[in-house]
Amino acid sequence: MLVKKITLLGHKDHGKSTLIGNMLILTDRVNPAKLKEAERTSKQLGKRFEPGFILDSFHEEREGGLTIDTTRTEKIPHKDLAFEFIDVPGHEELIKNMISGASQADIAVLIISAKAEEGIRDQTKRHLFIARMLGIRKLVVAVNKMDLVDYKKEKFEEIKREMTKFIEKIGFSKDTIYFVPVSAYMKDNLIIKSKNMKWYSGRPLIDLLYINAKKEEIKKGKELRVILQGFIDQTKTVIAGKVVSGNMKIGDRVRILPSGFESRISKIVVKGANVKRAKTGTSVAFELKDPIRSETRGSVMADKANAPKLRKVVKALIFVTHPARTNMKIKFNNIDIDCNSLKVLKSIDTRTGERKNSNRVNKLDAVEAEVELDRKLPFESYDKTPELGRFLLYSNNKFAGIGIIMK
Amino acid sequence: MIIQDVKKLEERSIYIIREAKLKFKNIAALWSMGKDSTAMLAIARKAFLGKVPFPVVHIDNGIDFPETYAFRKKLAEEWNLNLILGKTKIKPVGWGLACCGETKTIALKEVMKEYGFDALMMAIRRDEHWIRAKERYFSPRNKNFRWNYKNQPAELWDDYSSKLDAKGHIRIHPMLDWNEVDVWSYVQKEHVPVVPLYFSRNGYRYRSLGCTHCTVPLKSNAKNINDIIKELEATETDERSGRSQDKEKEYVMQKLRALGYM
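Protein chains in written order, with our numbering: chain E, 1 to 407; chain H, 1 to 262.
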């Protein structure tokens, strides 16, 4: 069965874990022992039953009442698809864990609490900014805790109006955005339509996820791109890699970058069997007609006639988790590359989407920057080939942010 | 119970196993002879042209089932495995933290020290336990084998760039995405050999294989993999409900894992 991964987004305490917990309970995906354990530990902590405890399983998470690290859930079947939820922490100090979880998602559910003193907060917008940056295009906004505002339509409409502006500002398309009023705790509008909000004419959350999941994905490039992992035999003739774009077949004339080595593919092995061709997404092992002497790990193989250009300087959008700018490295295709310089062109406030001509680098904000590496590499834009257009940024061996290549 | 696309799961596992082998200088895999770690080795053979390209470690309490030992001997020969046995020194007293936790972790530490492994591949899955659902694919342990679960490294996309603590090691989890039923589906499709204890004899079978002291069989008439898959579709109990160490207390598994348990 095809599994679609759904990440939760949103400010802490707005109900991400609670929503997933009740989705699992309502669809009968929690085994009785685990449910009992969550009930027992809620009671031990003197709390009302917390469905989020099904996911927040570290004792620190339960006692502290916050999600520390991302987790994955049991899969919920719905028609011909299954949904796997990715819970993420909402606390700003834990954003690297949030990014790790969200980077694996196909769809996002953004939670906003309608409760008076909660509403649209920093992490609400920041998480959305990150999701957009990671390439998530499908979004359902769940306006939560409707039970605490007497299920009033006005509250929902108010949040919807304000968020719509921001969502469009940061580049989401209207066609793949849905809004739904819910109470995650009271289970309103999660699986079936709630009787408490008759004014809402739309569908419950699970249907919106399904409709959105079924919408066509944006088409990516078709040129052959294989990220090479290295030699997997003693004689250094068999190379392993992953086809991230296009198809490869025996006889293809190929170029390996950055070395520029050219040859023809003479053998392809997939899952232990010799094959003539391999398509996008396949982990392959292959041989070339001519012996290659240079290092292959972290290199890219492409069609000789249609290979990416080598570039030492790229323009990138970087989300900064740690603003230090010394001893910088990027991780690209699983290898370390030294950064010569990082010139900030624009600074973006991720809570407002506002762009300024400034060279400031603020923690948890984004920058547009010109990044110069210590060597030429086969970069492409994130939109064209995501795998060749993204990197992790490190400063003094500490994770400092993520970047996507704009052009 | 949903069966995922096992071809896709296998694809990702192959990628992770290759990435681990090519990234680290001295990697080993843990093999309990259970279905998950045996499936992991079957995938490793596919990833590396028919041969498991790293040593395979069994931490042996000396009290596994005779069928398990027979299976180990047979498969180690057939697959030409470079098998390393880590023998536990302390006699098990009771079960739980004292047995599985201490003796196995001590024995594993000794093996790691003796052979100088910088990475250890293991077949844990997210659906086995809610603590395991929080794991990364590449997960660092410090020199005391501690898992700093409150500060795990960023892990995005297909990038596994964990920094290695100078004296610690990295745990690699190529089977993290798999569910119990997916593994059975794979075992069936790929004819992966498994210990016969998984199949029903006299109305009982083992769903999860530990040592003889802490594993109890469950009532079952599942005599083949089709029966097992059907049984899993109907069951409400945990896979590891026959493993006493997991039931002791709410946070036992969290403690065991934080201390370096596999």
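Among the hints, erroneous ones may be present.
Said to hold, decoys possible - With a cut-off of at most 20 Å between alpha-carbon atoms, the simulated SDA-like pairs for lysine to any residue come out as follows:
(1) E:Lys249 <-> H:Gln254
(2) H:Lys230 <-> E:Lys271
(3) E:Lys34 <-> H:Asn26
(4) H:Lys25 <-> E:Arg297
(5) H:Lys7 <-> E:Gly46
(6) E:Lys271 <-> H:Glu190
(7) E:Lys36 <-> E:Gly46
(8) H:Lys25 <-> E:Gln234
(9) E:Lys5 <-> H:Glu190
(10) E:Lys36 <-> H:Glu190
(11) E:Lys36 <-> H:Asn80
Unchecked claim - Computed far set for chain H versus chain E, every beta-carbon distance over 12 Å:
(12) Lys8
(13) Pro55
(14) Glu67
(15) Glu77
(16) Ile84
(17) Thr105
(18) Tyr115
(19) Leu176
(20) Thr237
(21) Gln254
Said to hold, decoys possible - Facing chain H, a subset of chain E residues (Cβ under 10 Å, in silico):
(22) Glu60
(23) Asp106
(24) Ala273
(25) Val275
(26) Thr282
(27) Asn327
(28) Met328
(29) Leu342
(30) Val344
(31) Leu345
(32) Ser347
(33) Lys363
(34) Arg390
(35) Phe391
(36) Leu392
(37) Ile402
Please keep in mind that the hints were generated in silico from the structure rather than gathered at the bench. Treat the numbers as computed from the prediction; the structure is a model and nothing was measured. Think of the CB as a built atom: it goes at the ideal place given N, C-alpha and C, for glycine as much as any other residue.
Run the distance test for lysine 34 of chain E versus asparagine 26 of chain H: straight-line Cα separation, threshold 20 Å. At roughly 38 Å apart (the allowed maximum being 20 Å), asparagine 26 of chain H and lysine 34 of chain E break the hint.
If we take the beta carbon of leucine 176 of chain H, is the closest beta carbon in chain E still more than 12 Å away? The claim is violated: leucine 176 of chain H sits with its nearest Cβ about 9 Å from chain E, within 12 Å.
Given leucine 345 of chain E as an interface hint, is its Cβ closer than 10 Å to any Cβ of chain H? 24 Å, violated
Are the Cα atoms of lysine 36 of chain E and glycine 46 of chain E separated by 20 Å or less? Holds, at roughly 15 Å.
Supplied contact hint for valine 275 of chain E, tested at 10 Å Cβ to chain H: Where the cut-off is 10 Å and the nearest Cβ of chain H is about 13 Å from valine 275 of chain E, the hint is violated.
Between the alpha carbons of lysine 249 of chain E and glutamine 254 of chain H, is the straight-line distance 20 Å or under? 47 Å, violated
At a threshold of 10 Å, is the proposed contact between alanine 273 of chain E and chain H supported by beta-carbon distances? 9 Å, holds
Hint validity - threonine 282 of chain E Cβ closer than 10 Å to any chain H Cβ: Interface hint status for threonine 282 of chain E: holds (7 Å vs cutoff 10 Å).
Restraint satisfaction for lysine 363 of chain E [CB to CB of chain H, less than 10 Å]: Hint on lysine 363 of chain E: violated, closest Cβ of chain H at ~15 Å, above 10 Å.
Interface hint status, aspartate 106 of chain E versus chain H (Cβ within 10 Å): 13 Å, violated
20 Å limit on alpha-carbon distance, applied to hinted pair lysine 36 of chain E and asparagine 80 of chain H: 46 Å, violated
For a C-alpha distance cap of 20 Å, please report whether lysine 7 of chain H and glycine 46 of chain E respect it. 46 Å, violated
In the structure shown, a violation is registered for the earlier hints numbered 1, 2, 3, 5, 9, 10, 11, 12, 19, 20, 21, 23, 25, 27, 28, 29, 30, 31, 32, 33, in ascending order.
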